[in-house]
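Engineer: With the hints as constraints, model all of the structure from the sequences given.
Protein chains in written order, with the UniProt record's numbering: chain A, 1 to 257; chain B, 1 to 420.
Hints were generated in silico from the structure; no laboratory data involved.
One thing to keep in mind: the hints can contain errors.
Within a straight-line C-alpha distance of at most 30 Å, the following computed BS3-like cross-link-like pairs (lysine-lysine) qualify [to be verified]:
id	chain 1	residue 1	chain 2	residue 2
1	B	K366	A	K237
2	A	K237	B	K11
3	B	K366	A	K84
4	A	K219	B	K11
5	A	K64	B	K359
6	A	K121	B	K334
Calculated from the model, a selection of chain A residues having no Cβ within reach of chain B, i.e. all distances over 12 Å [what the hints assert, rightly or not]:
id	residue
7	I7
8	K26
9	E53
We put the CB at the ideal spot given by N, CA and C, even for glycine.
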Amino acid sequence: MQGRNLIYDGTFDGFLSAVFFVFEHKLRAVVIQNKFEMQLGLFSDAETIITEEDKANRVWKGVKSKLSPKGSYQLYYAFLSEQKGVEAILLDYITYAFSNAQSVDKDYSHPSVLKIAQIAKSVGREKHRMEAFVRFRLTKDDIYFSNIEPDFNVLPLISKHFKRRYADQKWVIYDIKRGYGLYYDLDKVEIINMEFPADFKFTKTDSEFFQEHELEFQKLWKDYFKSTNIESRKNMKLHIRHVPKRYWKYLSEKQPN
Amino acid sequence: MSFQRTQEKLKILSDAAKYDVSCSSSGSKRANTNKGIGDATGMGICHSYTEDGRCVSLLKILLTNYCIFDCAYCVTRKSNDIKRAAFKVQEVVDLTINFYRRNYIEGLFLSSGIFKNADYTMERLVAVAKKLRTEENFNGYIHLKSIPGASDELMREAGLYADRLSVNIEIPTKDGLKKLAPDKKHEDFIKPMKKVKNEIIQFKEEKKIIKSTPKYAPAGQSTQMIIGASGENDFQIMQTSNYFYKSYNLKRVYYSGYVPISYDNRLPQIGSAVPILRENRLYQTDWLMRFYGFEFSEILNERNQNLDLDIDPKLSWALRNLHEFPVDINSADKRMLARIPGLGMKSVYKILNARRFRKLNWEHLKKIGVALNRAQYFMICDSSKFEKRDLTSEKIKGLILQNSKSKYQQSLSNQLNLFG
Ligand code: SF4
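Structural biologist: Have a look at this one:
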C-alpha cells in the first residue's frame, strides 16, 4: 500500500485523532502533519483528519494504560515542542508502546523513546524557565501583566503553577509569538487573544498603561540584582548558560537604565 | 514607602548580605491557603542568576548592618568604616510582597547584624516573618537567620513562621573562631541550633497525634562555613560538616570561598583569589556523602587531609581503590554503579531502568549520557571492547586529564551549577 499523508488541525486532540485513524486503518507508511506546516504541492494527496474528542480520548486512555504517568506526560510535552517531524516520533513511540506487554517508557535504548524523553526534557526546561522568567508589571487596571516568547508552546503547562501561586491577584501571561495568553480573573484561568494598541511596546513600561510605582519597583529589583552579585567571583559564561541572552529582552533586571 | 530612602537602604543592606551563599528555597511544604499570596510547595525556583552565576531566588538582605561585634571576616564588623542603615519591619514586608507579586522571588532571606543584643535583634526578625504570615497571608518562602545566643522562646516563635532557620558557624574550627571572632562563643551557635532541632523532632511527634499541629520550620536548618579564611584543611572542614549533619539533622551545609574584604593580617589579603575550585570540591564531597552513599572517612581521613584540585573526589577515591573495579554495568548493584567515576545518580537510575530491557553496550551508555571518558577505565559492559591493559592509577589519571581537557572543564562548571 502507498504512503498516506494525514493533516490535522495542530491541537493535541487533532493529533490523537490522526493516530486513531492510523490504527483504525492499519496504515503503515504514514506522515502526520500539522496543517500550519503543510507544504502544498508536496502532499497533494493529503487527507484532512477531523478532530474528534472521543477518539482522541480513547487513544489517550490507551496510552495512559500502557505507560507510567511520567511516560504519558512526556508524550504531551514532546507534542508541545511543535518541533518539525515530532509527530512521526510520537507515532512510532505510541505504536511501540501498544505492541509491548510491559511499559516501555523507560526503555531508553529504543530510539523514539529516547528521543521523546530528550524533547520532553527541553520542553520541561522551557516550562521551568517561564515559571522563573515571567516578570509581571502592574497595569492601571490592576492586572499583573507579563509577555513572553517561549521556544515551545508552554502556556498550557504553566497555568496551574501561576494560578496556585498568585491566587489573590489578577494576572495575564501573554505569548507574543503564538498570539494568545492566559488570564486569571481571581476565579479561573481563561485563554485570551488580545489586541494591543499601536503605541504599546512590550519592552517599555509606559506610564500610559502601567501604574506609577511600577518603574520604581523595577528599579529596586535591578539595584538588588546588581548589589547581590559578588564582583570577584564574576563568571559570565555560567551566567549566560543559566539565563541565555534570548530571554533578556523581557527581564526587568536586564533592562537598560 | 519613600522610594529614594528605600533604594539607598536596599543597596547597602543587600550588598552586606550577599556573602551568605545559601539561596535555597526548596524543601518546604507550605501551600497557598485561603486564596492568599504565594506557595512554597514545589522545588524552589531560581528567578534569575547573578553575573557570578549564582541562583537568585530569595530577596536576601540584612535588617540592619549595625553590629556590636567585630568578627574579622565580616564586612559588617563594628570596626569597619562603612555606611550603615536599618530597615523598618514594615519596609521589609512591603518589599517582599511587591517583589513576590511581580514574580521576581520565591521569598525572603532575612539576616541581620546584631544591634543591642541577640534577643532584641531576633525579635525584629521574627516580627517581619509574623507580619508576612499573619497580616499579608503570605505563603512564600521565609528563611530567617538564627541570631547566636537568641533565647529559646524566640527560636520557637521563629520556627512557627519561617520555613528555614540557619545559623552560620562560618569558621570550621574552634581555634579559628577564637582567633577571628573573639566576641563569639561556640555555645552561642549551638544553642539556637539545638532548640530548633528539638522543636522539629517534637513537631513530628505531635503531628502524628494531632494533625493540625502548626508547622515548624518545614525546610529545616542549614549552616555555612567560610573556606580559606583561617588556614583549616579539607579534612577539618568536612569533619565539622559531617558532625553538624549528623548531630543536628541539618538539611544543608554551605561552603563559601572567602572573599577578601579587609587588610586584617589574620586573613588572606585583598586581591587574593577566591578559592572557587576548592569550594566546588567540597560541595562534591558533600554530595557524595549525602546522595552517593559514601562515608566521610572514605574520602577524607588522616592520610588524605586535602582534596585533589585537578580531579573530582569520586575519581580520587576510585584511583585509590582500583581493586573495586572494573564494575559490570549490566549486573552491579546501585551502590557500586554510583561509585563509577563519570556516572551521576541520574545516569545510574537510567542504567538500572534500561538494562531491564536489554544488555547495555557502549553505544547505549553514550546515548544515556554517561561521561565515558572517565567511566571507561572503571567498567565493563556488553561488548568485547574494554580496557584490558593493567593500568596504574597514575596512568589512568594522566589519560583522563589529557584526553578530556575541555570536556572535563565543562563538566566541572556543570557541577558548579548543581550547587547554586
Ligand atoms: S556578629 Fe555577624 S554581622 Fe556582626 S560582625 Fe559578626 S558575623 Fe558580622
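Engineer: Output the numbers, in ascending order, of every earlier hint that fails for this structure.
Structural biologist: The structure breaks none of the hints.
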